[in-house]
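The task is simple: from the sequences and hints, build the whole structure.
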Amino acid sequence: MGRLLSLATALWNRRGVIVLSLIAFPALCLMYGLNKPPIYHAVQTLSLVPENAQSSLLQDVRNDEYQKILNRQMKSDTLIKAALNDVGVLLPGALPTEERIKIRELQQSLSLTAPGENIIEITLKHQDRSQILRLLEAVVLNFIDDIMAPERFAKEELSNSLANQVRTLITQQAESRESLHNTKLQIKKEPDADTRKDLEYQLASLDFQIQTLKMQIDLAEGEYQKALSATQQTMFHPIIKPESNPVIVSPAPGLTLQMFYLLLGLLLAIAFITITTVIGIIFDTSLRRDDEIRKELGLRILGRMPNLGDVSFDDGRISTMPNINI
2 MGRLLSLATA LWNRRGVIVL SLIAFPALCL MYGLNKPPIY HAVQTLSLVP ENAQSSLLQD
62 VRNDEYQKIL NRQMKSDTLI KAALNDVGVL LPGALPTEER IKIRELQQSL SLTAPGENII
122 EITLKHQDRS QILRLLEAVV LNFIDDIMAP ERFAKEELSN SLANQVRTLI TQQAESRESL
182 HNTKLQIKKE PDADTRKDLE YQLASLDFQI QTLKMQIDLA EGEYQKALSA TQQTMFHPII
242 KPESNPVIVS PAPGLTLQMF YLLLGLLLAI AFITITTVIG IIFDTSLRRD DEIRKELGLR
302 ILGRMPNLGD VSFDDGRIST MPNINI
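Convert by adding 1 to the 1-based position in the sequence shown; the result is the number in the numbering used here.
Note that these hints are calculated values from the structure, not bench results.
Note that the Cβ used here is the ideal one computed from N, Cα and C, for glycine as well.
A portion of the hints provided could be inaccurate.
As the list claims (entries may be wrong) - Taking lysine-lysine and the DSSO-like style, the derived pairs with C-alpha atoms no more than 27 Å apart in a straight line are:
| id | residue 1 | residue 2 |
| --- | --- | --- |
| 1 | Lys-215 | Lys-227 |
| 2 | Lys-215 | Lys-198 |
| 3 | Lys-126 | Lys-69 |
| 4 | Lys-242 | Lys-227 |
| 5 | Lys-37 | Lys-69 |
Said to hold, decoys possible - Computed spacing ranges between beta-carbons, pair by pair:
| id | residue 1 | residue 2 | range |
| --- | --- | --- | --- |
| 6 | Leu-96 | Ile-145 | 24 to 32 Å |
| 7 | Lys-103 | Ile-145 | 18 to 26 Å |
| 8 | Phe-261 | Ile-283 | 31 to 39 Å |
If you want it as structure tokens, here you go:
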């Protein structure tokens, strides 16, 4: 009870400071918040088709490690610089220092998350409402192109390899057919029976070789058509694509920012009041209770005298205005 009384006394004695703090701190923080430009938030949602992807990163985007890798890929200097060039933020001939600052600012404003299965969300925080959507769209398009490049390259490389294989087999088949034709002519012109018999064995071998090459060509052409179809499917049905246009999710960020600074001011005021009150109580050496007097001075209490407050004389009589302190 005595401690609560001491606390109440300390708060009452500092009532002016408390009221002033509760007004001054929120007001100062609110003024600071009003002078800061509002921060807008824009979001772009991307959908994935993991079964068509060769990279393991896109097959499990909810994996924290894979998200970190995709985040670093999205924030790469090359990709960010390309996005800034696309929207005209970086002009030709910009100084390296200015270029570095703008790239760093955009990297710090971007974030990538996976809120659901086969879903990626890219968020951008920016002060310019007129530019935030264009900037986010440029980042997303460059990010998609960067993701799709290895997929396209692998499928195009496979298609080119199969196409070269088909061309090589067709060339070998043509050469074998030409040899077969020449061998047939030699058989007709050859008078010797033994030589003609050897040529007939060679003719049978060439015919078998031609049939084998024909089967190999059919198989290679089938694989080539599959690879070509997969490449075309990647073009018309990409493994990663935007669900819709980017949207601003905080259309009025000024109010949110002001409320944040107002609450921050209240918290600072409460912290200041608490610290000053505690310090005041710790360093307060006044004696208010009987047990404090006996403990500190070793004296006994013989009686109590009220605080008479201000004493004045009225027609020769003492007039007082009691001032009772706790």
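Verification of the hints:
1. Between Lys-215 and Lys-227 the CA atoms are separated by roughly 18 Å; this keeps the pair inside 27 Å, and the hint holds.
2. For the hint linking Lys-215 to Lys-198, the alpha-carbon distance of about 26 Å falls within 27 Å, and the restraint holds.
3. Of the pairs offered as hints, the one joining Lys-126 and Lys-69 holds, with about 19 Å between alpha carbons and a cut-off of 27 Å not exceeded.
4. Between the alpha carbons of Lys-242 and Lys-227 the distance comes to roughly 23 Å, so the proposed pair stays at or under 27 Å and holds.
5. With a C-alpha separation of about 31 Å, the suggested pairing of Lys-37 with Lys-69 is violated against the 27 Å cut-off.
6. A hinted range of 24 to 32 Å holds for the C-beta pair Leu-96 and Ile-145, which are about 30 Å apart.
7. The beta-carbon spacing between Lys-103 and Ile-145, approximately 22 Å, falls within the hinted interval of 18 to 26 Å.
8. Between Phe-261 and Ile-283 the beta carbons are some 33 Å apart, a value that agrees with the proposed interval 31 to 39 Å.
Violated hint: 5 only; the structure is consistent with all others.
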